[in-house]
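Colleague: Here are the chains, one letter per residue:
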Amino acid sequence: MAAVQDGQLNMEVEKDIKTEITNDGSGNINANSSSPGSTSSGGKSKSPAGSGEDQQTLLAVLQFLKRNKLTESVDILRREAGLSADADDSPVSDSAGAGSGGVPNVSADGGDANSLLSRVSIATPVAPPATAPPKGLVRSHSKVMPSGGEDQPDVNVVLSAYSQQGDPVLYPLYYNGLKKFIESVLDCHRAELSQVFYPLFVHMYLELVYNNHENEAKQFFEKFSGDQECYYEEDLRILSSMSKKEHMKGNETMLDFRTSKFVLRISRDSYQLLKRHLQERQNNQIWNIIQEHLYIDIFDGMPRSKSQIDAMSGSLAGEGKRDANKAKVFYGLLKEPEIEVPLDDEDEEAENEEGKPKKKKPKKDSMGSKSKKQDPNAPQQTRIPLPELKDSDKLDKIMNMKEATKKIRLSPDNLPSICFYSFLNAYQGLTAVDFTDDSSLIAGGFADSTVRVWSVTPKKLRRVKSAADLSNIDKESDDVLERIMDEKTASESKILYGHSGPVYGISFSPDRNYLLSSSEDGTVRLWSLQTFTCLVGYKGHNYPVWDTQFSPYGYYFISGGHDRVARLWATDHYQPLRMFAGHLADITCTLFHPNSNYVATGSADRTIRLWDVLTGNCVRILTGHKGPIHSLAFSPNGKFMASGATDGRVLLWDVGHGLMVGELKGHSDTIYALKFSRDGEILASGSMDNTVKLWDTLKAFDDVELDDFTAATGHIHLPENSQELLLGTYMTKSTPVIHLHFTRRNLLLAAGAYNP
Amino acid sequence: MAEERRPKQCTVVLPTESMKAMAESIGVGQLQEESCAALSEEVSYRIKEIAQDALKFMHHGKRCKLTTSDIDYALKLKNVEPLYGFQSQEFIPFRFASGGGRELHFYEEKEVDLSDIINTPLPRVPLDVSLKAHWLSIEGVQPAIPENPPPAPKEQQKTESTEPLKAVKPGQEEEGSTQKGQGATSAEAKGKKDGLMRMKPRSTHELSVEQQLYYKEITEACVGSCEAKRAEALQSIATDPGLYQMLPRFSTFISEGVRVNVVQNNLALLIYLMRMVKALMDNPTLYLEKYLHELIPAVVTCIVSKQLCLRPDVDNHWALRDFAARLMAQSCKTFSTTTNNIQSRITKTFTKVYNNCWLDDKTQWTTRYGCIAGLSELGPDVIKTLILPRLTVEGARIKAVSDGPVVSNIDKIGADHVQNLLLKHCASVIAKACPLPDNVEQYRADYGYLGPMLCSHVVKARAQAALQAQQVNRTTLTITQPRPTLTVSQSGIGGSGGSRTPSIIKVPSSLTLMSTRPGTPTQPSPPATKYIVMATSSGSSSTQQVLWTAVLLFLFSLKYLDTPTHSRLFIFTIFYIVE
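Protein chains in written order, with UniProt numbering: chain A, 1 to 756; chain B, 1 to 579.
These aren't lab readings, by the way, just hints derived from the structure by calculation.
Heads up, some of the hints might be wrong.
Below, simulated EDC-like cross-link-like pairs (lysine to aspartate or glutamate); rule was C-alpha separation at most 20 Å, straight line [claimed, not checked]:
1. A:460 x A:486
2. A:390 x A:478
3. B:65 x A:300
4. A:494 x B:128
5. A:249 x B:53
6. A:402 x A:438
7. B:290 x B:206
8. B:76 x A:448
9. A:460 x B:139
10. A:249 x B:41
11. B:65 x A:448
12. B:132 x A:492
13. A:218 x A:229
14. B:65 x A:222
15. B:76 x A:252
16. A:407 x B:139
17. A:180 x A:222
18. A:406 x B:446
If the Cβ cut is set under 10 Å, some of the chain A residues that face chain B in the computed set are [to be verified]:
19. 422
20. 446
21. 447
22. 540
23. 543
Covered stretches of chain A, as calculated for chain B (at least 3 residues, CB under 8 Å) [said to hold, decoys possible]:
24. 493-506
25. 520-531
26. 725-733
No experiment lies behind these values; they were computed from the predicted model shown.
No residue lacks a Cβ here, since even glycine has one placed at the ideal position from N, Cα and C.
Here chain A stands alone, though its shape is the one from the complex (with noise of 0.2 Å):
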């Protein structure tokens, strides 16, 4: 971390921040990516024959350090790059103080070095940028300090990638030679060489933005942005606006551009044909592009259709290379923990209540099969630490399993009864909504920054006595739990107050007792069901917090938002325990894993990642999304996940294979709820069209047919079958779907605001 020493620098440096944890967990930061093409920066310091341009950052570089007292490395350099003395102390007129003071270890001075750095790039934006020496020496300096500068890729250093320039008057001339070239290339490989044109056109684009040819940029765009696959259209949006070099610095899609490479995957015989084209063409420019800021994942074998592709692609920066996905995921589900269950008492509920004692035989034989397997795709038992079972939560186990013997059988002849629970006078207002398991309480947030819990059985909501009152209360009485509560509270709903900022994300605990809620306020609150105060503020995204989840067991849970950063928390800890980052854009949605072992993100970068609590690697990137994912879904038995965005469309994905199997076509608008059934046959979506939509997931997942080569390259070949999957449409009265929920008997519950 960037040590925060000078006061005004707070800025810079928390900028800093944020772009250094964007850079770690995407894994193709641009400092390793000193590719032989790019000679610039990786070469130089091992050849002193270089052009006059390394000298001069070489010098540079001497610079700097001798200004930063570091003058061992100062010694090392001039040697390694065999330098005299005096060659460098001439350009260097404030030089009186170097060499003398302590010598500090490099790498331990990192975070002083950076904050300076900091200091150095911010004088930058006024002085122009396009004169060599800054800009040359900001950038070696990430070269040359990997421990601090590379983490840290600032906002110069990846515009200066941009530096390198040709005649801007030839660039729709190689772009359109390019295209012609992939126009007639083969069928098979048209589609595959086709990808290239999005990448090159945003980073040619930025290229002449860059250097100043704003007539030139503005001609390109026009000429060519046509061209462009349409899910690409809203990020064109944002480039087009950036019409200055001005522009540049700040802007956050820029900087996704330019921090993560572009990935694309290529056959190899394309790849080749693309290669050797460029090389008979001495086309340079393209070639320079394509090396520096794409990642090209070649594969053997055979090229991919048009269809496949699209399938695939429409994520900020590429598809997930292929090796991001090879890690194993443990997606089977704990074993549940044995639990006696009253079989007599049971008995005789189910004979008084309903006279069907039948029931008893089955569900005792598949809960003895259930917990003597082990399931080997899950994780240990004791992967990561659980918090230990309550009597109360035993209790509500066995509740569940009650309830779940008189669990509807669904299948699509069977479709679930949806009660649809509309929230009226909201005026817009609406912004979150969660149940509890056992669908007993409802709570709703608000844009007023109020949280609302609302109790759906006639069981009121009644807080518990004040401290005072609860030591006159006789604590050796078996009604304790009743006494301690008290009657004049009791209400129907109750309004949580503490937020200062619409509330986005709401999240009840599973045992019923506390609440989590996410705001625009950065603030992550947890408040207590029991006595319906604020317990905690969990404060660590300093911007607003899309979403929140408690883990189906408790205790943990997982934050996202604007500063595209995943936090993990436990309940009992002020400070996050791990930090997913990787997104390119905000986190805007979260979910975790049926077995609490990962957690899964969705963002505006158009993908989704999974990651792994206990080492907080991301295990998984989905990419096929064409839109912000609004909403995510996992299947009871963890292996499956569903998706959706707000182009209207839901993906299904292999969660172990890390494989998208199916594409649910139907809605016209953001979906912002989905649900599987308890048992996974059917998936409930609910979207901004104001509609509830039924699917077939047991036949969705049925009809993929994953062979090795598809399991293993990902080339997933999708039916289009949406229309046979689809089981029912369900309009609402001008209210938008934004929550679904499956009771333990499988009625289906659908939450949303009245707009009249």
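Since the structure of chain A is already known, use the hints to place chain B on it.
Modeller: Same frame as chain A, now just chain B:
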């Protein structure tokens, strides 16, 4: 949402004139052209940036309208102080002014008298948020309750009935079938899976228990004796969205009812049934085309039947005929297409009956009256071509009755009514068609016995037309009364002579408009919203402009712009500080 779809539009930059105007508004006089250009470009970019961020807040707020608070939060994200107090009652709070060749939009800041504010009563407290549950679907079937949208939208009903063979787009079809499949959903979905044949989605006609109850209640109330209940029932028929399923029952109920009651001469019931037809036609969610074959005969019966009541001399069956004729005209207007030719077929029917009356002197005056009423409601053209030529003959016949020696009272009344009807409808048409002056002799020559009376009516009509010169097309308005309503004077028993005056009472249309649909989650009209709503749907450039202007106003209201030459630097610095 609020942004342009086409990338080209994104290169829009604020005009430099705006920069000048805004600079002037804060006291910077001479802003150079160059700095203006630089400013406008920079400001445009920043505004776009902010708008893009604001969109995020909109999406997470689960809305599709961008609000000013979204922009405030977006500014906050950039560490810019949000716009305080930017609230307006109006959608676009800007005033327009022009002068000196320049056009200007400005934000009017009124001086507010504090005592006024203190003295005004507090606004109504908005209703608190509440939770209401209903069944969106019961085992895969969406119940037809007011909380749910109408099972089949009118457009769909229309396409179904008018173009039954037209293949609907797969997506729509699926949607349609699942929406009103009502139990057949899964079966249909299955059929689609294996079947190559694409069958038209079949709507089943089973009613749920609730629907059966509703049907029973409604029909009983409609023909029952309690007028208040009837009004409620009719209101329900006219507004409820979920009646699609029950339409066949209603239509059969009406046609059967008319058949029985015409024979029994039960005027009151006939009137009730006609009011039901009216209510069904008024329902915006129903498309009656499929059921016209039952409804039209019933309505026509009520127009031309020889006898509609037990005591034709006393009861006011004329009003029913008028009412039914109007209904007929309305349905002709709504449903007549080139394929079904309702209008021409109806016209033919009336003419045929009318012709029969011609030949046969013994035809009842009632039938004659009905034909004429039916025809004349169809519009001035019909009157001109079909009724005017026959005025002479008709006049002679009326004369024969009124002057003749042996007349039954019934005939006399009938002739009287026919005469009034003819005068009423023809006068307006003649007043339009015939040139001035109105010569009584000329009229007598043209139209015979009715001539003089017609003449005076025409004169009256002209005078009226002159009076209301501005409402030129008033005549056509009267012909197609949009909302006729009947109340029945159950005078058959009392037999008072006063019942002859037509008792048509027009319900003020506002009443229907104001009424809420029964059972819908009633919403109070929202209180004066706290913010103005910026954009409604995709890509209206004007809203985007507003948005920009809003942000612009902010930028300039900071009043930092001291010297014009430094303005550009200033903007940069602001954002650098911010970032």
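Colleague: Evaluate each hint against the coordinates.
Modeller: Against the structure, the hints:
Pair hint residue 460 of chain A plus residue 486 of chain A holds up; C-alpha atoms about 11 Å apart against a cutoff of 20 Å. Between the alpha carbons of residue 390 of chain A and residue 478 of chain A the distance comes to roughly 18 Å, so the proposed pair stays at or under 20 Å and holds. For the hint pairing residue 65 of chain B with residue 300 of chain A, the CA-to-CA distance comes to about 48 Å; that exceeds 20 Å, so the pair is violated. For the hint pairing residue 494 of chain A with residue 128 of chain B, the CA-to-CA distance comes to about 12 Å; that is within 20 Å, so the pair holds.
Between residue 249 of chain A and residue 53 of chain B the alpha-carbon distance is near 16 Å, which keeps this suggested pair within the 20 Å criterion. For the hint linking residue 402 of chain A to residue 438 of chain A, the alpha-carbon distance of about 12 Å falls within 20 Å, and the restraint holds. A hinted pair counts as satisfied when its Cα atoms are at most 20 Å apart, and residue 290 of chain B with residue 206 of chain B qualifies at roughly 18 Å. Taking the CA atoms of residue 76 of chain B and residue 448 of chain A, the gap is near 16 Å; set against the 20 Å cutoff, the hint holds.
Distance hint between residue 460 of chain A and residue 139 of chain B is unfulfilled; the C-alpha atoms sit about 29 Å from each other, more than 20 Å. Pair hint residue 249 of chain A plus residue 41 of chain B holds up; C-alpha atoms about 16 Å apart against a cutoff of 20 Å. The suggested pairing of residue 65 of chain B with residue 448 of chain A holds, with an alpha-carbon distance near 16 Å, which does not exceed 20 Å. Only pairs whose Cα atoms come within 20 Å are accepted, and residue 132 of chain B paired with residue 492 of chain A is accepted, the gap being roughly 12 Å.
Of the pairs offered as hints, the one joining residue 218 of chain A and residue 229 of chain A holds, with about 19 Å between alpha carbons and a cut-off of 20 Å not exceeded. Between residue 65 of chain B and residue 222 of chain A the CA atoms are separated by roughly 30 Å; this puts the pair beyond 20 Å, and the hint is violated. As the CA atoms of residue 76 of chain B and residue 252 of chain A are separated by approximately 16 Å, the hinted pair is consistent with the 20 Å bound. The straight-line distance between the Cα atoms of residue 407 of chain A and residue 139 of chain B is roughly 14 Å, inside the 20 Å bound, and the hint therefore holds.
Distance hint between residue 180 of chain A and residue 222 of chain A is fulfilled; the C-alpha atoms sit about 18 Å from each other, no more than 20 Å. A C-alpha spacing of about 87 Å is found between residue 406 of chain A and residue 446 of chain B, which places the hinted pair above 20 Å, so the restraint is violated. Residue-level restraint check for residue 422 of chain A holds (minimum Cβ-Cβ distance to chain B is 5 Å; threshold 10 Å). Nearest Cβ of chain B to the Cβ of residue 446 of chain A: about 7 Å, under the 10 Å cut. The hint holds.
Contact between residue 447 of chain A and chain B, as hinted, is supported at the beta carbon level, the nearest pair being about 6 Å apart and thus within 10 Å. The beta carbon of residue 540 of chain A comes no nearer than 17 Å to any beta carbon in chain B, farther than 10 Å, and the hint placing it at the interface is violated. Checking residue 543 of chain A against chain B by beta carbon gives a least distance of about 6 Å; that is within 10 Å, so the hint holds. Figure legend: the segment 493-506 of chain A, annotated as covered by chain B; annotation consistent (4 residues with Cβ-Cβ distances under 8 Å, at least 3 required).
Counting residues of the segment 520-531 of chain A whose C-beta lies closer than 8 Å to any C-beta of chain B gives 1; at least three are required, and the coverage claim is violated. Only when three residues or more bring their CB closer than 8 Å to a CB of chain B does the claim for the segment 725-733 of chain A stand; here the count is 8, and the claim holds.
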